[in-house]
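Single-letter residue listing:
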Amino acid sequence: MFDEIGKYVKSVDGPDKATGRTRFAGDLVFPNMAYGKVHFTERAHAKVLSLDVSEAEETKGVIRIFTAKDIKGSNGFGATKPHQPVLVPVGGVARFLGDPLAVVVAEEEEIAREALERIRVEYEDLPGVFSIEEALRPGAPIIHSDAPDNICGTHGFVLGDVERGFRESDVIVEELISTSRQEHAYLETEAAVGTLDSQGQILLYSCIQDPHYFASDIAQAVGISMNRLRVIGTSLGGGFGGKDDITLQCFVVLAVSQLRRPVKMVYTREESFLSSVKRHPMEIRVRMGAKKDGRLQVLEGEILADGGPYSGRSPVVITVAAHSFSGPYLIPNLRVTAKAVYTNNPVGGACRGYGQPQSSFARELVIDRLARTLKIDSVELRRRNFLKQADVAGTRLVNLDSSVSMPQVLDQAMKSAGPLREATKPLHVSGRGVACAMPLFDIAALPSLGLLGAGVTVQLMSDGTLKVYSTAVEMGQGISTVLAQIAMKELGLTGEKVSIVLGDTDVAQKSGPTTASRQTYVSGNGLLMALGNLKMRILKKASKLVGEDLEELEFGDGEIVSSHSKRRISLDELAKKCYYDGIDLREESWFHATHATIGHTFMATVADVEVDLETGTVLVTQLINSHDVGCALYPAGVRGQLIGGSVQSLGWVLLEDFVTREDCYETLSLSEYLVPTAMDIPEMKTCIVETPYPTGPYGAKGVGEHATVSTAPALLNAINAATGCFFTELPVTAEKIFLGIGKMGGDRSKCAKGGGREGWLSFKA
Amino acid sequence: MKVNGTWQTLMVDGSSLLVDILRDRLGLTGTKKGCGKGDCGVCTVLLDRLPVNSCLVLAVQADGMEILTIEGIGEESLHPIQRAFIEKGAIQCGFCTPGMILSAKALLDLNPTPTVEEIRQALSGNLCRCTGYSQIIEAIQSLKERKV
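Chains A and B, in that order, are what the protein sequence lines are. Under this note's numbering, the residues of the first sequence are numbered 1 to 765, in order. Under this note's numbering, the residues of the second sequence are numbered 1001 to 1148, in order.
Some hints could be false.
Claimed, not checked - Computed cross-link-like contacts, BS3-like style, restricted to lysine-lysine with a CA-CA straight-line distance of at most 25 Å:
#, chain 1, residue 1, chain 2, residue 2
1, A, K576, A, K566
2, A, K577, A, K489
3, A, K47, A, K81
4, B, K1144, A, K10
5, A, K577, A, K541
6, A, K685, B, K1144
Unchecked claim - Residues from chain A shown here face chain B by an in silico Cβ test under 8 Å; the list is partial:
#, residue
7, C578
8, G582
9, I643
Simulated from the structure, these hints should not be mistaken for laboratory data. Since the model is a prediction, treat every value here as computed from it, not as a measurement. The beta-carbon is built from N, C-alpha and C at its ideal position, and this holds for glycine as well.
Only chain B is shown next, with the shape it has when bound in the complex (with noise of 0.2 Å):
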């Protein structure tokens, strides 16, 4: 598979979920775990550029196919995204933020120019606890008239 843009060869168990070889055998530890049930979000990555829950993946599943973890984006300087999230507060602990911000960039990705309730919708498998929403909603709009 290859992950944030280079090819990993790695032998796994076939009962392997890929959080756990992300976060594990990896090293990206940017991917949280909160549920293992596909309840909270905090274990989105996207998986050829669509979000899903890497609890509910197994390792197998993903062979050959283009990961991206938080640690993939932003690598030099931070993505738009990201700036974005911290220039409206919408971070406060920090645990679904990268779930959330992998979230934001499937939906910019697909459509650059989201409502409000097209935003909401993309959230809605991603928890937060802390913010309350408004903020993330906020941070993402506010790149609609930009390029992401």
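So here's chain A without its partners, still in its complex pose (with noise of 0.2 Å):
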């Protein structure tokens, strides 16, 4: 049989990726194309007064300048809540920097971009918030009349009794932990092509997380119907959550529905920047308390979360946080509150980890530093509080229905990561920090967002050839590998009977999103459901043709064979008199994640680092991620999923800040919004542990966001534990390392040598 599960297998986009034959959504064109162009907001807060298009209009080559007033849908679209304007009316409010006003539509791109400068537009500015803190100020200028408070989601939890767990603590810690604002910089800006297909029906190519989600939201956002769209998810030039969210699409499919010819937009890198969401901004107050021998009794957090001013994700985003928040630890008494507050900052969204990466980052930073004051080494403390299998976890949703493998996965780490290396040179100093996680996957339990499910539809041609119908999304983690290789497995066909054909909402079910670390799961299950189906009924087949007992048949390569005669037949024969029968060997299935509850992997990173005390850069010298992930399925997928993780986290703590100012963004190009490249990466090791999850396919879990969720807190762990500051506040640049270790008393010559590490300063630049 061609079993590949587990394999070292190449990747199935991999040619074509590698020949740059792969078509993204920018590259399709089609003839008579339109190119499209958004005029955005040039205020944060402001009601718009007046909207004047009509000199832009009268530009040589404009065919139609689209504004709020063409739309006959709600004009309102969000995951959560459909209030985010596709167009911002006359009347309206501009609460970002990215809210759209007007779409220009020109013959030529070029043209387009003339145009939109002279739309004039008048603007009444309000007063509006640019902090968490200032958000809640009692009496701050209020951004959605229906939250008078600012608040656009809450969520919270309790288990056991929080004063008396303070109470029976020999020690506590306390300490606000903040994050910054990441931009997910995916190499692909957004883009869309719009056209009609023969039958007059809206074609929309987009490189979007969700064709489903986002043909619905779309359709009654501007206001046509479903049976008249067709959304194709395209290959997507990298996502990690931020093409979750509609961005440009609106206006295509408003153009195209009017103009009933085929439109093309594609971002800028600038207009990315400005108008798509971001890692929600986090403010952390944690307090730990814990017996002498380094037990855990309590842990308390209360969780701020900067949401940009529209619903968006952010209660969601929120809510995974606080379920994340306690991690792989036991710990009896625990209370989370957690808040998403409006703001006239970008949007807030799913990125990466959604909302674990932050809150995880607090409770590993939060351990080293009681760590430190218990005088407890921190690995063996973490040791000493891992969740066993019956133990019921802090996050509540989930049920530990498998083993916990915690303390394999952070041996493993350990061993990899060997001794720490001396620093190179003088006052250098070096240091390691390990943290550990439950990274979560296919939260199916949360407030519905359609994560609870997927669908996969397998159809066996009628040359013995295999089609895979599914709306999950390639961005190069692998999901087209993955399931073909499980195709390829079940029916015993060659890599090149098998195509896994992706992302259109006429041909393939919901898949939900491919977010959440879920489409392994769930579409590997939902494929598995398919084909046993499919195989059952290609038995029955095969069991007339060959005058054999269904029993006594099995799948071998490319056939059916019977185990006592040996009489067989070719699955390309069968499927040719099927077809020649009016037999359609088509199966849809439909994976329902049952369980309830959240999955959950295991997770640790060792970060070694050494840092120039004179300038306060970091070389980062290793990082090791270990993982459980049930089962490697694709292991050259998941090694890729956990160093691009690993470093995209890398970036976060070290480089990335997307800057806002009242009136602009600072950081609207890739050299000012900095992420790593080729020399700022250190060696990369990874650990796959593999406990099988019993309801995973073959017992596999999710991988794709996890290495974000202990990488971060890990290399803080690491440079704080070579400074001997602690830093709290991302991201760590150079420049606050170093007047971080002035603070501790100006003497870098003895901080090398170790005298700065006695005390611990809580420091923020």
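Dock chain to chain to rebuild the complex, using the hints, since each chain is given by itself in its own frame.
Shown next, in the form of structure tokens:
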């Protein structure tokens, strides 16, 4: 049998990507195609008094300028509340600098861009709020009249008796941890191309993470019926959660529906950074209490998130942050409150890890703080508190239905790390940081976002090849390879006989979003179900054709074989017979995530750094990511997710900060918003632990987001261990480190000798 | 200009960028656009064997020069660099891949046995947001012993 599960197979999308043949949305062209450009508001919070497009409309080559007046639908979208305007109407309010007012459609992109400059807008400025603190201040300007307190979502829960937990603790530590606004910085900017198919239906190609959700939200916002809209999610040039929300897709559908000709829009890097969602900046107050021996007694967290001006995914992101707060530890008394607030900053959205990186970051920093206070090794402290299988996890929603492999995961990471390397230069100090996490996957139990399951359709074609249809999205994470591996194994087919067809709402069922590290689990299971049904029908047909009992037949390489008589029929022959007999070998499945909980994984990161005390620069020397993924169906993909996620997190800690001011954003290019380059990465090691998950396909769980959950705290713990400072605010730039070390007493040579490591100063630059 | 081994005669606007001519006029969409400012490297092509950001080059500047895009290497079968990228898991979303492969080719053409430091240097103008670079560096290292 072609059993490639767990083998280092090549990705199915690799050859087309290596040769540049993969067509991304921005590569598509159609005859008579027009181009659209958006006019964004120039004010962060202002009422739009007038919008004059007459001069712009007269520009030669301009076809039409669309404003809110042209929209027949609700003109609002959003995952939790459809109140984000497609286009802000005259009389309406622009609530952040990425709010769009008008769309120019012209014969050429350059003409559309020129015409933008001739659009005249009059505003009445409104007082704005630009931080969590400002939003919560009594008497703060109100961003939405239905939320006079500027709260867009809250979540909280209590476990045990928190007050008693603090009373019974020998040591209590308290810290305020804050994280920065991370831009996804996918290299492919937002792009959409709309056209009409031969029957006049609107066909939208776009780089999106959930084609069916987009189709439904676009249709209601723009005001077209869903039976006239077909959405095809193209290969994604990076997503990381940032392409799970609508950006320019509504404009293209609006323009195509009214102009009845193809329209294309591609955001520039600046437009992408200006208008797209970001990782929520959070301020997290943590109080943690423990016995002298390190046994954790109590954990309290107050999570505040800057959600920007629209609800978007904020209420869910803070819920995930809250439920992942206590991580892989047994903490009997737990209280978490989480709030997302409205501000006039960029919209907070899904970003790889979905609230978990922030809350795990806060917890893991404070655990190191506690270890230092108790004079217990921080790794040992973690080990003493790991959850065991029968325990009730502090996440409350998680049912620990499989063994907790946290000790093995951490052991492997430590073993792989070896001893910490001494600093290589004078006035350099080295340090190691460790962090553990219990990252979630397939958060089906959380408020419904269509994450409850996935449908997969399979069809054995009349020549014996197989097509698998799904609206899962390939963004390089490897879902097409995983689905192909499963199909090959189950039907005994070679790779070239299996095609994975992704993203088309007209041919495939809902797969839910390709987010939450969920597709291997849900679509993998969905595919197994569909193939199970297909196999049964194939065997029944084979039984008639070869004249053997059903029970005697089994799948071989591309054929059905009788185990006792060795009589056989090839799949090609059987498929052809079915075709002529009018039998359609097509099966649809729906995998419903009936576990009604959240899947959980176990993850540890070890980070080694060397800090230059004279400049504050950090050289990360190695990053080890160890993860129990249940079963690594596609190990190269698992490794890719671990390393890639870890490096993205390295950027979040050391470099990345989307800097906003009231009237402009300061980091609208990749030379201002810095992401890691090949020069910035350390030696990367991965350890894959496999404890089969009972309900996973072949025991598999998820992996996509998880390295972002434990990398950041491990890195900062390493920097804190090396310098003796206690940095609590991201990003930790060289400047902050330099100043932080200075505050420790100014004598850098003493610090290098370890003098500075004695005191732990909480420090905010 | 000679594009992927074939001489092309084109009338272009003085302000046209090489990346737009390649993509829009010649249909060579393997060359991507990511920033328009030379920050990200997804538009990397080889101009007389050297890597350039084609978003920073005017099409007229390429007059009489030789251009190699991703479509010009490994047309019949995969080029060894392409094979190494696939085998080592150096490709995820694929958006940086054409530029990365061309930067790698420029490096290996000049220096068939680069050190890891030299590989990092050569790739430092090509951003990748998915892979974390490790596998890309491994792929190029794996070619050191082979004749490319």
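How the hints compare with the structure:
no., hint, verdict
1, K576(A) to K566(A), "21 Å, holds"
2, K577(A) to K489(A), "23 Å, holds"
3, K47(A) to K81(A), "21 Å, holds"
4, K1144(B) to K10(A), "21 Å, holds"
5, K577(A) to K541(A), "9 Å, holds"
6, K685(A) to K1144(B), "22 Å, holds"
7, C578, "35 Å, violated"
8, G582, "41 Å, violated"
9, I643, "4 Å, holds"
Against the hints set out earlier in the document, violations occur for numbers 7, 8.
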